[in-house]
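Could you put together the complete structure from these sequences and hints?
Throughout, this note's numbering is defined as the position within the sequence shown, counted from one, plus 435.
I should point out that these hints are in silico values taken from the structure, not numbers from a laboratory. Just so you know, even glycine gets a beta-carbon here, dropped at the ideal spot from N, CA and C. Check the hints yourself; a few may be wrong.
Beta-carbon label-pair distances, calculated as ranges [as the list claims (entries may be wrong)]:
id, residue 1, residue 2, range
1, 564, 446, 35 to 41 Å
2, 604, 579, 18 to 24 Å
3, 588, 471, 29 to 35 Å
4, 496, 579, 33 to 39 Å
5, 485, 514, 18 to 24 Å
6, 498, 599, 22 to 28 Å
7, 592, 567, 35 to 41 Å
8, 496, 551, 18 to 24 Å
9, 471, 514, 17 to 23 Å
10, 511, 559, 35 to 41 Å
11, 482, 578, 32 to 38 Å
12, 450, 497, 30 to 36 Å
13, 530, 558, 19 to 25 Å
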Amino acid sequence: MSSADLSSSGHGPSREQIIRHLRRSNEVACRALALGHHPFGAVLVGPDHETVLLEQCNIDTVNHAESTLARVAATNFTPAFLWQCTLYTAVEPCCMCAGTAYWANIGRVVYGISEHELLRQTGNHAENPTMSVPSRYVFDHCQKPVELIGPVDEVAEETIAMQREFWASR
Numbered sequence: 436m437s438s439a440d441l442s443s444s445g446h447g448p449s450r451e452q453i454i455r456h457l458r459r460s461n462e463v464a465c466r467a468l469a470l471g472h473h474p475f476g477a478v479l480v481g482p483d484h485e486t487v488l489l490e491q492c493n494i495d496t497v498n499h500a501e502s503t504l505a506r507v508a509a510t511n512f513t514p515a516f517l518w519q520c521t522l523y524t525a526v527e528p529c530c531m532c533a534g535t536a537y538w539a540n541i542g543r544v545v546y547g548i549s550e551h552e553l554l555r556q557t558g559n560h561a562e563n564p565t566m567s568v569p570s571r572y573v574f575d576h577c578q579k580p581v582e583l584i585g586p587v588d589e590v591a592e593e594t595i596a597m598q599r600e601f602w603a604s605r
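Structure representation (structure tokens):
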């Protein structure tokens with residue numbers, strides 16, 4: 436779904452909420468940088484589209500922000516509740532993170548820039564061997580219809596700038 440189609444269902448978050456929460460995920464990514472980790476962050480927002488339930492920065496190559504957040508969420512909230520929640524992340528979840536969000540029963544995922552765009556910014560970097568598996572592909576092969584919104588143009592430039600600056604310094 437493109438940014439022009441943001442939350443067209445009427446039951447999802449507003450454009451303003453989407454942009455605000457994606458920017459918050461970038462702030463969480465900055466916290467990851469301060470801790471010496473790669474610049475990725477995730478935010479879980481409740482069914483009211485306002486209440487931030489969890490925030491998670493990237494830890495390492497197997498404990499990505501999104502998958503760690505999804506695992507913590509699954510141990511703290513019921514599947515029925517999580518199905519009404521939204522996971523925000525400025526960079527499209529990799530296939531591992533998309534799968535973990537699915538198994539945690541998170542019903543909506545919103546991202547700012549695509550995995551393909553991340554690869555354009557990181558190049559063939561040994562610390563970030565991106566996979567050419569879009570989260571849409573993962574969600575299209577699930578038995579439950581996870582709503583996917585992204586990329587969101589309004590946060591692209593700031594997200595790209597953070598990624599470009601970080602990976603150029605590695």
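* Asked: Of the numbered hints stated previously, which ones are contradicted by the structure, given in increasing order?
  -> 2, 4, 7, 9 and 11
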